[in-house]
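Number of protein chains: 2
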Amino acid sequence: MTQKFGIVADAKELESGQILSPKFNKDGLVTAVVTDYKSGELLMVAHMNDTALQKTLETGQTWLWSRSRQSLWLKGESSGSIQNVVEARLDCDQDAIWLKVKRQKAEDTCHTGRKSCFYRRIVTKDGDFRLEFAE
Amino acid sequence: MTQKFGIVADAKELESGQILSPKFNKDGLVTAVVTDYKSGELLMVAHMNDTALQKTLETGQTWLWSRSRQSLWLKGESSGSIQNVVEARLDCDQDAIWLKVKRQKAEDTCHTGRKSCFYRRIVTKDGDFRLEFAE
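Respectively, the protein sequence lines represent chains A and B.
Using the numbering used here, you'd call the opening residue of the first sequence number 1 and step up by one each time.
Using the numbering used here, you'd call the opening residue of the second sequence number 1 and step up by one each time.
Honestly, the hints are just simulated from the structure, not real lab data.
Some hints could be false.
Since the list can't tell identical chains apart, any single copy or any two copies may satisfy a pair.
Heads up, simulated DSS-like pairs for lysine-lysine below, C-alpha to C-alpha not over 27 Å straight-line [claimed, not checked]: (1) Lys12 - Lys125; (2) Lys12 - Lys23; (3) Lys105 - Lys55; (4) Lys115 - Lys102; (5) Lys125 - Lys23; (6) Lys115 - Lys12; (7) Lys55 - Lys4; (8) Lys125 - Lys55.
Looking at chain A on its own, in the form it has when it is part of the complex (with noise of 0.2 Å):
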């Protein structure tokens, strides 16, 4: 797979400019976040290395890099909630990644069998912090 992202140094450039040249950090990777390309539902934050970030431009579907593993990841693969990607963004300084998906598989969004990973809210009581089940 050949390369494809540019390298921009200037900062003014990252941000204004029109060159795709991703800041991954020193361990390779930039976060991605993923909505719902309908509700606009947050559903999960991942990460991607540079071919997982092609693959996904490439394919139209959502590849990630597992830290945990240490190796790509197609989303859905062992799941079937595969990830086809409407529109994709970036953000000023080119770290942050913005995929709005249609999945094919919706309740199986979190590995916990759930529609989307940040299914708890925190809440304080009494001065101290809890999580509450959001759905």
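Using the hints, position chain B against chain A.
Just chain B now, kept in the frame of chain A:
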């Protein structure tokens, strides 16, 4: 400030319990994803250390950790774009926080003077990637 987070090591308990036990990375940070409470639009992706997270939950305004400046940062302190947290959620393995916020000055959310940091989409043209301004 007394540290108010629990320490849960068991993966199942982290995912299914009610104890807030953030999994800070080796730099002491969790990812913070900020969306508009009403439109659901993704506004920014940033980082929080333990103090930033605790201050956010206690004050109801978005506090972050600036990696470039290596300092705590009240979002909007200089721009006026203070964010009031309507709801805070966290993900299954407790290393990402989702803030739904109401902004005091929406037009200055991004330091580039935009309503969101995600103002460019990635498009493919003749097999190459380009950035296109979405707004």
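Checked hints:
1. Lys12 - Lys125: For Lys12 and Lys125, the Cα distance is within 27 Å only across copies (24 Å; inside one copy 44 Å).
2. Lys12 - Lys23: This pair counts as within: shortest intra-copy Cα distance 14 Å, inter-copy 33 Å.
3. Lys105 - Lys55: within (21 Å within a copy, 37 Å between copies)
4. Lys115 - Lys102: both (12 Å within a copy, 25 Å between copies)
5. Lys125 - Lys23: between (40 Å within a copy, 21 Å between copies)
6. Lys115 - Lys12: For Lys115 and Lys12, the Cα distance is within 27 Å only across copies (18 Å; inside one copy 38 Å).
7. Lys55 - Lys4: within (11 Å within a copy, 41 Å between copies)
8. Lys125 - Lys55: between (45 Å within a copy, 15 Å between copies)
The structure meets every hint from the earlier list without exception.
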